[in-house]
Every structure is written in C-alpha cells, then in structure tokens.
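Just so you know, the protein sequences line up as chains A and B, in that order.
FYI, the numbering for the first sequence is 1 to 509, going by the working numbering.
FYI, the numbering for the second sequence is 510 to 1122, going by the working numbering.
Because the hints were derived from the structure by calculation, they are not lab data.
In this text the structure is predicted, and so the values were computed from the model without any measurement.
Fair warning: there could be bad hints in the mix.
To be verified - Here are the simulated distance ranges between beta carbons:
hint : chain 1 : residue 1 : chain 2 : residue 2 : range
1    : B       : Gly1030   : A       : Ser468    : 52 to 62 Å
2    : A       : Ser503    : B       : Ala723    : 27 to 37 Å
3    : A       : Gly84     : B       : Gln576    : 18 to 28 Å
4    : B       : Gly618    : A       : His126    : 37 to 47 Å
5    : A       : Ala467    : B       : Val971    : 55 to 65 Å
As the list claims (entries may be wrong) - Calculated cross-link-like contacts (lysine-lysine; reagent style BS3-like; alpha-carbon spacing at most 30 Å):
hint : chain 1 : residue 1 : chain 2 : residue 2
6    : A       : Lys393    : B       : Lys668
7    : B       : Lys712    : B       : Lys876
8    : B       : Lys877    : B       : Lys1018
9    : A       : Lys60     : A       : Lys177
10   : B       : Lys876    : A       : Lys380
11   : B       : Lys712    : A       : Lys393
12   : A       : Lys177    : A       : Lys123
13   : B       : Lys1026   : B       : Lys944
14   : A       : Lys380    : A       : Lys123
Each residue gets a CB set at the ideal place from its N, CA and C atoms; glycine is no exception.
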Amino acid sequence: MWGSQSWLQPAFQLAYLMTMYNFMPSGDDYIRFLPEIIMSVMGTFFMVLEGILGDKKEGKGLIFGHLTLATLLAALLACMYANGFPGNAFTGMLIIDGYGTFFRVLVIGVGMLAVLSSYQYLKREHAEAGEYHALILFSIVGQCVMVTANELIMVFIGLEVSSIATYVLAGYLRDDKRNNEAALKYFLLGSFATAFLLYGIAWIYGASGSTRLDTIQAFLANRDVAHNMALIGTAAALMFVGFAFKVSAAPFQIWAPDVYQGAPAPVTAFMSAGPKAAAFAVFVRVFMTAFGPIVDRWEPFVWSSALLTMVIGNFAALMQSNIKRLLAYSSIAHAGYVMVAIAAHNQIGVSAVMFYLAAYALMNIGAFAVVAHFSRQGEKYVNVEDLAGLGWKQPVTAALFAIFLLSFIGVPLTGGFFGKFYIFKAALDANLIWLSVLGLLNSAVAAYYYLRILVVMYMQEPGESMASLQPLSTGISVTLWASALGTLILGIYPAAILTFARSSSAFLK
Amino acid sequence: MNLWLIPIFPFLGFLINGLFGRRFPKQVVNVVAVGSVLLSFLWVLKTITGLGAMETAHVERYFTWIQSGTFNVGVDFAVDRLTAIMLLVVTGVGLLIHTYAIGYMEHEGGYYRFFAYLNLFMFFMLTLVLASNFLLLFVGWEGVGLCSYLLVGFYFTEKFATDAGNKAFIVNRIGDFGFTLAMFLIVRHFGTLDFGTVFEQAKNPANSAVPFFAICMLLLLGATGKSAQIPLYVWLPDAMAGPTPVSALIHAATMVTAGVYMIARSSVLFTHSPAAMDWVAAIGMATAFFAATIGMAQTDMKKVFAYSTVSQLGYMFVGVGVGAFSAGVFHLMTHAFFKALLFLGAGSVIHALSGEQDLRQMGGLRKKIPITCITLFCGGVAIAGLPFTSGAASKDLILETAYARSPILYWIGLLTAFMTAFYVFRALFLAFFGKYRGDKHPHEAPFVMWAPLAVLALLSLVGGLLSVPRWLEPMFPEKELNVGQLITILPFIAGFLGIALAYLFYVAKPSLAETAKNSMGWLYNLIYNKYYVDEAYDLAVVNPLIQGSRSVLWRGMDAGLIDGIVNGVGRRSRGIGNILKLLQSGSIRNYAAWVVFGSVILLIAIGLSGGPR
Chain A
1 MWGSQSWLQP
11 AFQLAYLMTM
21 YNFMPSGDDY
31 IRFLPEIIMS
41 VMGTFFMVLE
51 GILGDKKEGK
61 GLIFGHLTLA
71 TLLAALLACM
81 YANGFPGNAF
91 TGMLIIDGYG
101 TFFRVLVIGV
111 GMLAVLSSYQ
121 YLKREHAEAG
131 EYHALILFSI
141 VGQCVMVTAN
151 ELIMVFIGLE
161 VSSIATYVLA
171 GYLRDDKRNN
181 EAALKYFLLG
191 SFATAFLLYG
201 IAWIYGASGS
211 TRLDTIQAFL
221 ANRDVAHNMA
231 LIGTAAALMF
241 VGFAFKVSAA
251 PFQIWAPDVY
261 QGAPAPVTAF
271 MSAGPKAAAF
281 AVFVRVFMTA
291 FGPIVDRWEP
301 FVWSSALLTM
311 VIGNFAALMQ
321 SNIKRLLAYS
331 SIAHAGYVMV
341 AIAAHNQIGV
351 SAVMFYLAAY
361 ALMNIGAFAV
371 VAHFSRQGEK
381 YVNVEDLAGL
391 GWKQPVTAAL
401 FAIFLLSFIG
411 VPLTGGFFGK
421 FYIFKAALDA
431 NLIWLSVLGL
441 LNSAVAAYYY
451 LRILVVMYMQ
461 EPGESMASLQ
471 PLSTGISVTL
481 WASALGTLIL
491 GIYPAAILTF
501 ARSSSAFLK
Chain B
510 MNLWLIPIFP
520 FLGFLINGLF
530 GRRFPKQVVN
540 VVAVGSVLLS
550 FLWVLKTITG
560 LGAMETAHVE
570 RYFTWIQSGT
580 FNVGVDFAVD
590 RLTAIMLLVV
600 TGVGLLIHTY
610 AIGYMEHEGG
620 YYRFFAYLNL
630 FMFFMLTLVL
640 ASNFLLLFVG
650 WEGVGLCSYL
660 LVGFYFTEKF
670 ATDAGNKAFI
680 VNRIGDFGFT
690 LAMFLIVRHF
700 GTLDFGTVFE
710 QAKNPANSAV
720 PFFAICMLLL
730 LGATGKSAQI
740 PLYVWLPDAM
750 AGPTPVSALI
760 HAATMVTAGV
770 YMIARSSVLF
780 THSPAAMDWV
790 AAIGMATAFF
800 AATIGMAQTD
810 MKKVFAYSTV
820 SQLGYMFVGV
830 GVGAFSAGVF
840 HLMTHAFFKA
850 LLFLGAGSVI
860 HALSGEQDLR
870 QMGGLRKKIP
880 ITCITLFCGG
890 VAIAGLPFTS
900 GAASKDLILE
910 TAYARSPILY
920 WIGLLTAFMT
930 AFYVFRALFL
940 AFFGKYRGDK
950 HPHEAPFVMW
960 APLAVLALLS
970 LVGGLLSVPR
980 WLEPMFPEKE
990 LNVGQLITIL
1000 PFIAGFLGIA
1010 LAYLFYVAKP
1020 SLAETAKNSM
1030 GWLYNLIYNK
1040 YYVDEAYDLA
1050 VVNPLIQGSR
1060 SVLWRGMDAG
1070 LIDGIVNGVG
1080 RRSRGIGNIL
1090 KLLQSGSIRN
1100 YAAWVVFGSV
1110 ILLIAIGLSG
1120 GPR
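The following block holds chain A by itself, in its conformation from the complex (with noise of 0.2 Å):
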C-alpha cells in the first residue's frame, strides 16, 4: 500500500518506532525545555528581523536590545515555571532539577546583564546589528542544555552551540585586530580541547556501553565486574581536559588571557561568567555522579590542577597593567577557588561551588562592565593607570567597582567572602587542609592587586584619561547597580540563595 512513496518509508518507520518505544516527547517535555525554545525562536527570528531591517541605523540597537530582555525574561520566567515538572525530559537526554534550574537562571541572568552593558558599548562602536543579540541568545541556550544534560551527548551538543556562539562573539568587531586574534585564538584551542571531551565521551561509551550519566555511575559503582581502569581513566583524563580547558583551569588556561584581553568588554564580561559557570555546572555534574565512584581516582588531579590555577592566577595578576587581562588572570585565581571546591567532593562542596559561582559572576560582569564603560571608543583606555582619580570625577562608578574589587578580595558583608568561606569549609570538611592553607594564602596575595586597582582610583590624580569619560549610561548603571546589590545581599544575607544551592545540590544521590 505504501509501496509507491517508497520514500516516506524510514519517517513512518521511526514514527512507529517512536510510538512503540514510547519515544514520542510528552507535554511536559516542551515545558521543561521551554526556555530553550523561546530563546532557540526569537534568535532566529532575529536572523530575520536583521535581515527586513537591513541598513536601518537609527534605533536599531534599542529594538534588538529591549526584544532580547524581554526574551531573557521570558526565558527566565519559563525556567522557574518548568522547575514545577523535576524530571527527565526526552527519554533521559536532559534533566530538570534544582541543580539545573539554579544554573539556567544563573546562566540567564548573566545574559540579561551582559545585554545590559552592551547597549552603549555597541553604539560607541558603531555595531548594532541583530547577529549580536541572536549569538548571545543561542550562546544561552547552549548553556543552559549544558547544565540540564543527562548524558554526554547532549553535553557535548550544549557545549559546541555555547562555544561556537562565544567564539564568533568574541570576534564581533570584525575590523578590530586584537577582536580577530581573540576569535581565532579562542576556535583554534577551543576545538582542539573540544575534540579532547569527545574523545573522553567515546572512551567511556567504549567502557560502559552508555553516554547516560546515571547508567555510567551504575556501571563504575557495580564492584562485582573488574573494571578496565586503564580505559576509564583515560576517559576521565580526556574529558576532564576538555571541561578544564573550558573553566580555564591550569594548564588548560593558557588561552583565556588572550582572548579575554582581545574580546569587547561587554562579551569578555558575558563569556567570563555566563560560559564559565555552565561549564563548571556541567564538570561537577559529570565527576559527582557519572565518574561519582571513581572519586578517589580523579580528586588528586583536580586537586593539583585547583593548586596550579589559584597560583597561576594569582600570580600572574599581579604584573598586569592591562586590566582586562588583569582581571583575566583574577579569573583563572576564582576558577582555582572553585576547584578547590569541587576536589573536596561533597554536598557542601557542590552548593559552595553554586553560591561562588553566583557570586563571582555578579562581581566578574560588574568589573567588565566597569572596563566596558570606561574603556571608550575603540577601547583605549584599557590600563591601570587609566582609571587614576575616577574616584573623584565619577565617584558612583568608582564605589560600585569598589564593591567588586573587595568581593573579589573576599571582605566581609560581600558574596566574595562568603564563597570562599563556603569553599574552604567545605574543604576542610573533606580534610583537605594542605590545599585550603595553600588556598587562602593565595587569597592574601590576591588583595595586593585588586588593591592596586583601588589605590589608583583614590589616591591618584585625575589625568589625561579622565577628559572625555562620559556619564554613566543607563545600561551600564543598571548592570552595576544590580550586580553590587546582589553582591552585598550575597554578602549580607547568604541564605538567600544558600538554602536553594543546598537543597538542589543533592542531585548526586
């Protein structure tokens, strides 16, 4: 009967296979991947609307931008929504916990206040077009598959659409030299450390026989088979090459500098926090439950690599005088502090490793929004020494980086202390003295260039860079304004969030 369209065959068959297995997506798949879809959507439509509106200058960037908020928001509030219908979505490929929902809110609000800080930023540089906001858009969506995936497949597609998004973004300004340089630095080393996850992925498909997370751990944690640990290893060691060069943890971190330094302000404030922190999300996720029962093989080596990023990191900041690339290298320092977390492998550690997440990014894109705002046109004042006497000329821009900066020290009453309070309990829990000593000595020899930056806001005179800053914009205000008050409030009253981070960080069991 079917004989004659012989060609619709194989989309019958899978639909009967579809409707056998039970493959067939459920209503409340849609709403549990509902952000996806609204932010998949309206990027594309962007592509589109880019496309009608053509050469059309005038407004063109508020358009974008407003209809990107909103988009967000929906997203967001979608995100919220679907935290109602915890479970697995198509077939075991994703998962909706608390855990996830945390970090697609996260990763989310990241975006919203990277768009925030680009407003004026994109004008400036006479760049408002729609691709920006639709890469931002899909960069998001592939973070936020990346924190609900609940098997290697879709970690790998979540981070390839993140990463492939962020790598064009960071060459958004495309007749800008060091823009090229970041982007292709970025691709080149990006996909040959992707290529390293894959590899892991095969390995322990090759191992296990699955890419599901929980059917892994099942695997690893069943004693009566004599597990070919050569093999697993190796599968641990790729992937977690591939997860460390994303978070930039050492030695993996060699490119983020570069390309921080290289890409605009307002991207270097979205990739630094919003990638970063799914990435981390996806690495814990990945070593506390599939590689869960392996743990004694894996914690020394995050254990090294946490130690060799905090003192990199740290180190290295402090011969900057570029301070984006200085504040590059304080973000390898906070990666390290993070992995401290995730090397003591417990419940305390993982929501640590959620509150620090949270904390760094509000003060990490409050910083690049800073630089953003300062830097001017074609990014020119991009030095220390630049920002000499802004405490005095523009003394509410220089309060609110003020705030960052001792967050990043990690002063008392912001998130910053509270992080690391967490992450160093939480290692001391998993007697891991050595590396919480080591840990917070870093942490003292972090203030010395966070400190710099303070002492020439203050206590220099205003120079030639101070002439043609322009007031506050009202993107950038509002980015500042919102990431000091949620880092004092972090700072402040830690509950707040530390409660969720606790009761959704149980997803190992």
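Use these hints to put chain B onto chain A, whose structure you have.
Frame of chain A; chain B shown alone:
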C-alpha cells in the same frame, strides 16, 4: 537593652556625612560626627548601669545570618564585663578624639569624608567588641582594617601615605589568613562559632582531642597582624602617615588592641594550651623589647610614639600570655588613655608648628604651648610607670605575674620599662626644653583640642584607680601573687632612672648624647634603621615574589600579548587560507603545545595509577 543601638549611631553618622556631608557646613558635619559617638557613649553608659553586676553575659540574638545544615551563625551581640570595658574605652576615648579632630582637621581638605570614615570605623570597632561569635567579630575585624586603610591613605597625594596604607592592608591579610584558618578549625571541632557554646564545650574534658595548640597559634597569628607584633609589626610605624587623630584612635587606643581583646575573649581556648600561651608571652616580650630599642633612636615624634605603641602592645601580650588576662586588659585601658594623650599631644605640637614632626626642629616649646606641654608630661609619667599613675598600676601587675611565670620575662620587661621611660622623655625633652631650633611660629591649640587633652591627662594620672582586675575577677580569676617587695618597687626605679638619664642627655648635658651616639656608631645606625627589617622583608619575601612572578609567570608563560601585531593575525586572517599562517605563528602553537603537554602529564599520571584496584 537594644545593644544594636550602640554601633548604629556612628553608622548613621557615617551615612549622613558620607552622603550629604559635601553640602553641609562644617558645623553640621561636626554635630553629626561627634553627636553620633556621644549618643553611642551615652547608650553604653545606660546599658552598663542597667545591666548591673553582669555575672553572666547578656546576649541579644537578632536574626540567623547563615544557616547551612547544622551550622548556624547569627547576628548576635553580647555584653559581659570584658565587653563593658572595651565599650567604655572605645566610645569614651573615641568621643574625646572625635572632639579633638574638629580642631585638628579644620584646615584640611576632605573634612566631611574624614569624619565619615572615622564614624564608620567606630561602627566596625563596636561591632567587633559586641560580637557574640567569631564570624561577626571577623566582620568588625576586617571592617576596622578597611577603615584604617582609608584613613591612613587619607593624605593620598603623598605617595608615602598610600604605600603605608597598602602595607597595612596587605600585612593584615597575612594575619587574617591565620584568623580564618582558626575559625575553620573551630567550626570543625565545635560545629559552631558562637562564643558561649564554643567556650562551654571547650571546658568539657571530653573534647581533649581538639587541637587547641593549632587553633591558638592561628589566632595568635591573626592577633600579631592586627596588634602589630613580631613578625607582622612592620605596618604600624608606617601607618603614622595618616592624620594624627587617626593614629590616636585607631593605631593606639582601639583597633590595634583588638588582638589583645580577641585573645582575652578566647582565654578559655588559650588556657587549654599552655604552649601557645608561652608563645604569646614570648612574642609579646620580644616585641616590647625590640620596639623599645628602635624607639630610642627615632627623630620623628610620631614614630617614637608609634614604636612605643608596638612596645606597649607587647606588654599586653605578655600579660595575657602569662595568664594575667585581667592585667592585660587593664593595661589595654590605661594605655588607651595615655597613648591617646601622647598622640593627641604630639598632634597639638605638630599643629602648632604647622606640620613639623621632626624632633630636631623643635625645642623650648614649653613656654609657647604650655597646656600641651603639661598634658604631654602627664602622659609621659604614666607611660614611664612612675608611682600612682595609671601606667604603673597596670604595667606592674603584668610584670609581677610575669615574674611568677618566669623571672626572665620580668627582667627583660624591666629593662624595657627603663628604655621606655628614657625614649619617651627623650622626645619630650627634645621638644619642650632647650632652645627652639625651628623657624615656625608656634601657637597654642584651640579649646576643642586642649580640652580632650586635659581629660585624658587626668585619666592617665588617676585611671589606675579604676580597679579593672577586680571588676574582671568573675571572668578571669586572679592568682595569688607572692612576689617580693623588691620586685614591686624595681619598675618604679627603672622609670625614674630612665627619665633621669634622658634629662642628663638632653637637658643637662646635651653633648653627652652626641658622645654616646658616636661611640656606638654601628649600634646606633642599626637601631636608627630599625634593624633593617623592612629591607630584609623586601629582600626575603617581597622581591622574590615579584621577581618570580615577573620572570617565571610573566616572561615564561604570559609573553603572548594581544596586540594584533605579534602574530600579524588581525590584518591577514580575513582570508581563510591565512588561518594557516596563524597556525604557523609562534604563540598559538605554543598554546596548543601547552594543552597537549598538560594532557600527556595527566594521562601518564592516570595511567600509572591505573589498573584494577
């Protein structure tokens, strides 16, 4: 009792002056700044009288700050007898210094900013002493450090002041590192940071496995940072670059004594570890002696008093280290009186001479600024420990207890007392006797400045009558001391001898001082240059760190800067074919090599540890 009102008044003062002070006339700024401290002082009085005997701590719990599993930290304030003394000292002396600052800062720029910072400092300091758990104490601890940083660097146009502020901040980070670790250990072994619970559990003999020695040594490291003891004392003398009222309030009377307060507060923990107590005493004694020798050769009036502060803090450490907690706290209080007086007096001299601090440019000032002169000499006799002054009462108690612990401590302490009397009176004689050597026109300070001096002079003389040890008896039971009459009298004699020697050298026969200086040239130089400790720290710690970062991390790993020229990428990479050029260019290949290198190490390591277990 609404304890929260005590710190909140200065905080409001900070907010009002900080936000609107720029637009206020000076009088309004004054009223807000001084008024807020006055209100808090009055509230302290009301609280203490209201609480009466205070046999046990009065705790007020406001809200749960952090709840994480079984681990709970609240925003709780508590008042007991120890806190009561600290509150009185901080708000009382603070009030006097705020008043004084009105006169002192009158001609300075950033007037409102100065008072806003000063009020903020009061807020954090009061939080520190009122805190009822280690974490809240740490908030105050860091907060006062931050304010100290802001205030030391207040004259930010002078590079030296900025450097001094930085040094203070960074050295204190090392101390904080110790404090933080100690907190973690406490959480680990007691499961809480609340003072009451921790100390109660520490008394329980079942908790003998707790590493008290480690906890106490780490707390001690924290205390050495904040209270400027060996090895972390280097920041305090430099911190004198700040305005003089700041030196008096923060670097003499209150903040620097936080370490002593913290050790006294944790006395229960310290008594479990006699070895750690010995360390406290040894560090205190070494610092007291060491700083006193440096003080003998300084020519800057404020520096002399700065080293004497370090030295006196050393005495307090000896006190708490030998178990005489109440004597340590007693000395903390009397020291707050006479050292605040000495600093404010020095400020008055500096004010009179329009900023001159060098003793060699002073002389004969006793006729020109008589009130300052008289009050300063009151402070001098108190610090020298002449009989019946406040300094004598507290210092002797420390020395006597030290004698009971170990006579060596006593003898070094005695020698230090002699040196103290000598160098303080050396400074006073150089400033007020002889002929005027400068070229300014000295004028007496206004009433708002000399009135606090007078009050402090009175307290320095009779403050010893306030029997702090008896008041603290329920918290720190006093031991029966059986020391000979001679031991009690010797410190007085040492004080008199020191003053006499200073008189001989600097008033009666000034040529003698020169001869002595020349005959011991190398020793004098060594002391004058503060034993080259700063240089040694630079050589041993700072330079290797910076050089290491520069040559290893920067040159070795970070040379690939983004400038678009290194690789010529920017211009050529438009065409896809040119990407190959990028691959061939140096840096990116190196980077990829790094990734491979790291992966190989990792794989080998995992491979070696592989195999079934």
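Task: Given hint Lys123 (chain A) paired with Lys380 (chain A) - CA-CA distance at most 30 Å - done: Cα-Cα ~16 Å, so holds.
Task: Restraint check for Lys712 (chain B) with Lys876 (chain B), where alpha carbons must lie at most 30 Å apart - done: 59 Å, violated
TODO: Confirm or reject the claim that Ser503 (chain A) and Ala723 (chain B) have a C-beta distance inside 27 to 37 Å.
DONE: 34 Å, holds
Task: Straight-line alpha-carbon gap Lys393 (chain A) to Lys668 (chain B), limit 30 Å - done: Roughly 20 Å between the alpha carbons, so the hint for Lys393 (chain A) and Lys668 (chain B) holds.
Task: Given pair status - Lys944 (chain B), Lys1026 (chain B), alpha carbons within 30 Å - done: 21 Å, holds
TODO: Please work out if Lys876 (chain B) and Lys380 (chain A) have their alpha carbons no farther apart than 30 Å.
DONE: Between Lys876 (chain B) and Lys380 (chain A) the Cα gap is close to 61 Å, so the pair fails against 30 Å, i.e. violated.
Open item on the list: Lys177 (chain A) and Lys123 (chain A) were given as a pair; does the straight-line alpha-carbon distance stay at or below 30 Å?
Closed with: 19 Å, holds
Open item on the list: Does the beta carbon distance between Gly1030 (chain B) and Ser468 (chain A) stay inside 52 to 62 Å, or does it fall outside?
Closed with: Given about 57 Å between the Cβ atoms, the range holds.
TODO: Could you check the hint for me, namely that Gly84 (chain A) and Gln576 (chain B) are 18 to 28 Å apart, CB to CB?
DONE: 25 Å, holds
Open item on the list: Next pair to validate is Lys877 (chain B) with Lys1018 (chain B); report whether the Cα-Cα distance is within 30 Å.
Closed with: 23 Å, holds
- [ ] For the pair supplied as a hint, Lys712 (chain B) and Lys393 (chain A), confirm whether the alpha-carbon distance does not exceed 30 Å.
- [x] 56 Å, violated
Task: Distance restraint between Lys60 (chain A) and Lys177 (chain A), which requires alpha-carbon spacing of 30 Å or less - done: Holds, at about 25 Å.
When the structure is compared with the earlier hints, violations turn up for hints 7, 10 and 11 and for no others.
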